[in-house]
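Model the full assembly from the supplied sequences, consistent with the hints where possible.
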Amino acid sequence: MDDCRKILVSGLEALNQELTEHQIEQLLTYIALIEKWNKSYNLTSIRDKVSMVPMHLLDSLAIVPFITGKRVIDIGTGAGLPGIVLAVCFPDIEFVLLDSNAKKTRFVQQAILELKLKNVSICHNRVELYRPEHNFDIAITRAFASLEDIMRLTTHLLNNEGVLLAMKGQIPDVSMLEVAKTELYPLSVPGIEGERCLVKIHLNNVAEVS
Numbered sequence: 474m475d476d477c478r479k480i481l482v483s484g485l486e487a488l489n490q491e492l493t494e495h496q497i498e499q500l501l502t503y504i505a506l507i508e509k510w511n512k513s514y515n516l517t518s519i520r521d522k523v524s525m526v527p528m529h530l531l532d533s534l535a536i537v538p539f540i541t542g543k544r545v546i547d548i549g550t551g552a553g554l555p556g557i558v559l560a561v562c563f564p565d566i567e568f569v570l571l572d573s574n575a576k577k578t579r580f581v582q583q584a585i586l587e588l589k590l591k592n593v594s595i596c597h598n599r600v601e602l603y604r605p606e607h608n609f610d611i612a613i614t615r616a617f618a619s620l621e622d623i624m625r626l627t628t629h630l631l632n633n634e635g636v637l638l639a640m641k642g643q644i645p646d647v648s649m650l651e652v653a654k655t656e657l658y659p660l661s662v663p664g665i666e667g668e669r670c671l672v673k674i675h676l677n678n679v680a681e682v683s
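Quick note on numbering: the sequence shown equals residues 474 to 683 in this note's numbering.
Because the hints were derived from the structure by calculation, they are not lab data.
Among the hints, erroneous ones may be present.
Subject to a maximum C-alpha distance of 30 Å in a straight line, what follows is the list of computed BS3-like cross-link-like pairs (lysine-lysine) [claimed, not checked]:
#, residue 1, residue 2
1, K576, K591
2, K576, K589
3, K509, K479
4, K509, K522
In structure tokens, the structure reads:
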């Protein structure tokens, strides 16, 4: 068993999650693709696969318990994080991965093809300009923007019961989000030191944000 597989399997156990062998292979293939394309496309500052397992795969897997509904959008997906990882875990949920960087969306499209993911589509657009035919149950951001900007830019994408999931490093000050119902969830990611948290913002409380 190579180092990447060992770290991933150990991390899944620590997160109390189970994936099939096929799903594990998909995730390992995915980080191998990132490593290969990274040389030309500058997808991530993390250059080696072993470091990508905790920093990208396990960090994304840490929010698996919060994923519900039928349609999810990953805003500012970059190299496909966390959207590709979550799509592997939830083959029955439809994922749209949105990014304004053409190089990164080309990589994500190739990853979707090579991983044979049927539940993912990629959209090259700016979030404020994107108008989906059907709105989403969840919008996810990872190192995307301030909470105020996230709320302002994503509200039009969600249905009436939709929620924003913002993945953050240090626990943010949410006291300024007066009109929003927010929930803070500290995250413990195997192999990552320091604070990680998830901010859950309920759409039906942010309608007045502008």
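Hint check against the structure, violated hint numbers in rising order | Nothing - there is no hint that the structure violates, so all of them hold.
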